[in-house]
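Listed below are the residues making up each chain.
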Amino acid sequence: AQTVTQSQPEMSVQEAETVTLSCTYDTSESDYYLFWYKQPPSRQMILVIRQEAYKQQNATENRFSVNFQKAAKSFSLKISDSQLGDAAMYFCAYRGSNYKLTFGKGTLLTVNP
Amino acid sequence: EAGVAQSPRYKIIEKRQSVAFWCNPISGHATLYWYQQILGQGPKLLIQFQNNGVVDDSQLPKDRFSAERLKGVDSTLKIQPAKLEDSAVYLCASSLSQRGGRRETQYFGPGTRLLVL
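Same order as they appear, the protein sequences are chains Y and G. Going by our numbering, the letters in the first sequence line up with residues 1422 to 1534, in that order. Going by our numbering, the letters in the second sequence line up with residues 78 to 194, in that order.
Treat the hints loosely; a few may be bogus.
[As the list claims (entries may be wrong)] Below, in silico cross-link-like pairs of lysine-lysine (DSS-like), each with a Cα-Cα straight-line distance of 25 Å or less:
id, chain 1, residue 1, chain 2, residue 2
1, Y, Lys1526, G, Lys160
2, Y, Lys1476, Y, Lys1491
3, G, Lys121, Y, Lys1494
4, G, Lys92, G, Lys148
5, G, Lys88, G, Lys155
6, Y, Lys1499, Y, Lys1526
7, G, Lys121, G, Lys155
8, G, Lys121, G, Lys160
9, G, Lys88, Y, Lys1526
10, Y, Lys1494, Y, Lys1476
11, G, Lys88, G, Lys139
12, G, Lys121, Y, Lys1526
[To be verified] Label pairs and their in silico Cβ distance ranges:
id, chain 1, residue 1, chain 2, residue 2, range
13, Y, Glu1438, G, Leu147, 28 to 38 Å
14, G, Pro158, Y, Glu1438, 46 to 56 Å
15, G, Lys92, Y, Ser1433, 35 to 45 Å
16, Y, Tyr1520, G, Ser143, 21 to 31 Å
17, Y, Tyr1520, G, Arg141, 22 to 32 Å
18, G, Pro138, Y, Asp1452, 26 to 36 Å
19, G, Lys139, Y, Glu1450, 26 to 36 Å
20, Y, Asn1519, G, Asp140, 16 to 26 Å
21, Y, Thr1439, G, Leu147, 42 to 52 Å
22, Y, Asn1519, G, Pro158, 24 to 34 Å
[To be verified] Per the computed footprint, the stretches of chain Y lying under chain G, defined by three or more beta-carbons under 8 Å from a beta-carbon of chain G, are:
id, segment
23, 1438-1448
24, 1466-1475
25, 1524-1533
It is worth saying that the hints were derived from the structure and are not from the lab. For each residue, glycine too, the CB sits at the ideal point set by N, CA and C.
Chain Y on its own, in the form it takes in the complex (with noise of 0.2 Å):
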């Protein structure tokens, strides 16, 4: 079975600055996709960026970044120029050939102005 591992529970970031959230996991899949979802005190989770497995090239979305290491299942977040609405629970996410989403416990960001 396919596990999702965030080792860092919470992190902190002072607004404008870069912060890196970590995920790692494990699968002896060859293609999958890789998610990172935002789950803002409101509760509605919504998708930062998506990473497909065999697109060798780091997925982008503005300000969210990744960086991709498909030999060491790494998968982290880069938040560029942070801001207090970047304050969230960020979950990593994992989805196989069984289309099933598999996600990690989550990070809590937090952003100080």
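Let chain Y serve as the given structure and place chain G on it in line with the hints.
Below, chain G alone, put in the same frame as chain Y:
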């Protein structure tokens, strides 16, 4: 477009009582998911519907949980009888395609926070 709607937002019940949650997915979305999110953990899939058929209910505790999606639109999730360990946020999500493809974005509702006393 309107997002995924869920009600109620909060529910407090005593153990052994029953409770039901309602979800209205985004219009036109064929696939609907129910997740359980226990405090301090990531969401765990309980059941997945494709239109009004069940695709995956392998992690649904079928002795007490049930779910249905009549007419392939709205869905209800029921717990009967509730246990203390059922205290969690229940999230509903939907996605567009018939097959719920791996690349697809799942759109989540705000969730229902359940407290069982």
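We went through each hint and held it up to the structure:
Taken as a hint, the Y:Lys1526 and G:Lys160 pair is honoured in the structure, with Cα atoms around 23 Å apart against an allowance of 25 Å. Note on Y:Lys1476 and Y:Lys1491: the hinted pairing holds, with a Cα-Cα distance of about 10 Å set against a maximum of 25 Å. Pair hint G:Lys121 plus Y:Lys1494 holds up; C-alpha atoms about 21 Å apart against a cutoff of 25 Å. A C-alpha spacing of about 31 Å is found between G:Lys92 and G:Lys148, which places the hinted pair above 25 Å, so the restraint is violated.
Only pairs whose Cα atoms come within 25 Å are accepted, and G:Lys88 paired with G:Lys155 is accepted, the gap being roughly 13 Å. Taken as a hint, the Y:Lys1499 and Y:Lys1526 pair is honoured in the structure, with Cα atoms around 18 Å apart against an allowance of 25 Å. Taking the CA atoms of G:Lys121 and G:Lys155, the gap is near 16 Å; set against the 25 Å cutoff, the hint holds. As the CA atoms of G:Lys121 and G:Lys160 are separated by approximately 17 Å, the hinted pair is consistent with the 25 Å bound.
Distance check on the hinted pair: G:Lys88 and Y:Lys1526 sit about 24 Å apart at the alpha-carbon level, within 25 Å; holds. Pair hint Y:Lys1494 plus Y:Lys1476 holds up; C-alpha atoms about 14 Å apart against a cutoff of 25 Å. At roughly 21 Å between alpha-carbon atoms, G:Lys88 and G:Lys139 fall within 25 Å of each other, so this suggested pair holds. For the proposed pair G:Lys121 and Y:Lys1526, the alpha carbon gap of about 10 Å is at most 25 Å, so the pair holds.
For the pair Y:Glu1438 and G:Leu147, the supplied restraint of 28 to 38 Å is violated, since their beta-carbon distance comes to about 50 Å. For the pair G:Pro158 and Y:Glu1438, the supplied restraint of 46 to 56 Å holds, since their beta-carbon distance comes to about 49 Å. For G:Lys92 and Y:Ser1433, the hinted distance range of 35 to 45 Å is satisfied, since their beta carbons lie about 38 Å from each other. For Y:Tyr1520 paired with G:Ser143, a C-beta distance near 22 Å keeps the hint of 21 to 31 Å intact.
For Y:Tyr1520 and G:Arg141, the hinted distance range of 22 to 32 Å is satisfied, since their beta carbons lie about 26 Å from each other. Between G:Pro138 and Y:Asp1452 the CB atoms are about 31 Å apart, so this pair conforms to the stated range of 26 to 36 Å. Between G:Lys139 and Y:Glu1450 the beta carbons are some 28 Å apart, a value that agrees with the proposed interval 26 to 36 Å. Take Y:Asn1519 and G:Asp140: their Cβ atoms lie about 24 Å apart, and the range 16 to 26 Å holds.
Between Y:Thr1439 and G:Leu147 the Cβ separation comes to about 48 Å, which falls inside the hinted range of 42 to 52 Å. A hinted range of 24 to 34 Å holds for the C-beta pair Y:Asn1519 and G:Pro158, which are about 31 Å apart. Against chain G, the segment 1438-1448 of chain Y contributes 0 residues with a C-beta closer than 8 Å to a partner C-beta. That does not satisfy the three-residue criterion, and the hint is violated. Here the segment 1466-1475 of chain Y counts 5 residues with a CB under 8 Å from a CB of chain G, which clears the bar of 3, and the coverage holds.
Coverage of the segment 1524-1533 of chain Y by chain G holds in this model, with 4 residues showing a Cβ closer than 8 Å to a Cβ of that chain against a need of three.
The structure fails hints 4, 13, 23 (numbered hints given earlier, in ascending order).
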